[in-house]
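Asks: All residue numbers for the sequence shown refer to UniProt numbering, where the first residue is 1 and numbers rise by one.
FYI, nobody ran anything at the bench for these hints, they're computed from the structure. Do not take every clue at face value.
[Unchecked claim] Dumping the calculated BS3-like pairs for lysine-lysine here, alpha-carbon to alpha-carbon at most 25 Å: (1) Lys54 with Lys100; (2) Lys54 with Lys35; (3) Lys58 with Lys35; (4) Lys100 with Lys58; (5) Lys35 with Lys100.
[What the hints assert, rightly or not] For each label pair, taking beta carbons as the anchor points, the in silico distance ranges come out as: (6) Asn121 with Glu21: 37 to 47 Å; (7) Glu79 with Pro105: 39 to 49 Å; (8) Asp114 with Asp60: 17 to 27 Å; (9) Asp59 with Arg117: 30 to 40 Å; (10) Asn121 with Asp98: 30 to 40 Å; (11) Glu21 with Pro106: 33 to 43 Å; (12) Leu120 with Arg61: 12 to 22 Å; (13) Gly78 with Lys54: 30 to 40 Å; (14) Ser108 with Glu21: 33 to 43 Å; (15) Asn73 with Glu22: 17 to 27 Å; (16) Thr36 with Met122: 14 to 24 Å.
For every residue, glycine included, the Cβ atom is placed at its ideal position computed from N, Cα and C.
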Amino acid sequence: MSDTAEIKANPMETHSALPPEETERLTTEIIAGLKTVFDPEIPADIYELGLIYKVEIKDDRSVDVQMTLTTPNCPAAGELPTMVENAVASVPGVGVVDVKVVWEPPWSPERMSDEARLVLNMW
């Protein structure tokens, strides 16, 4: 399996000393929060678009997020990371949220879920 496939298949990292049920709750609610964030120019959420590369929940409940954009020239580049930070921080029990935009591996349409492809009519 390629690195890209691994990231797309499971961007959540849950190596935590938190109780498993709490980690599961946080994971579920963080993903739900990420699915409320949309690129203003694309009618699919950033999670289903495959823009979230990694989410790590730490023992102190802080959360690190690595995300990318569809292009380095994305007009929403200034606002999307803040939107992601706010969505994750709104989950009860989450501490400090750190969002980093990364460019490797580059985003491509292959990273999109079937749900995003359906919304964007890309079959």
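Asks: Can you give the numbers of the hints that this structure goes against, from lowest to highest?
Replies: 7, 8, 12, 13, 15
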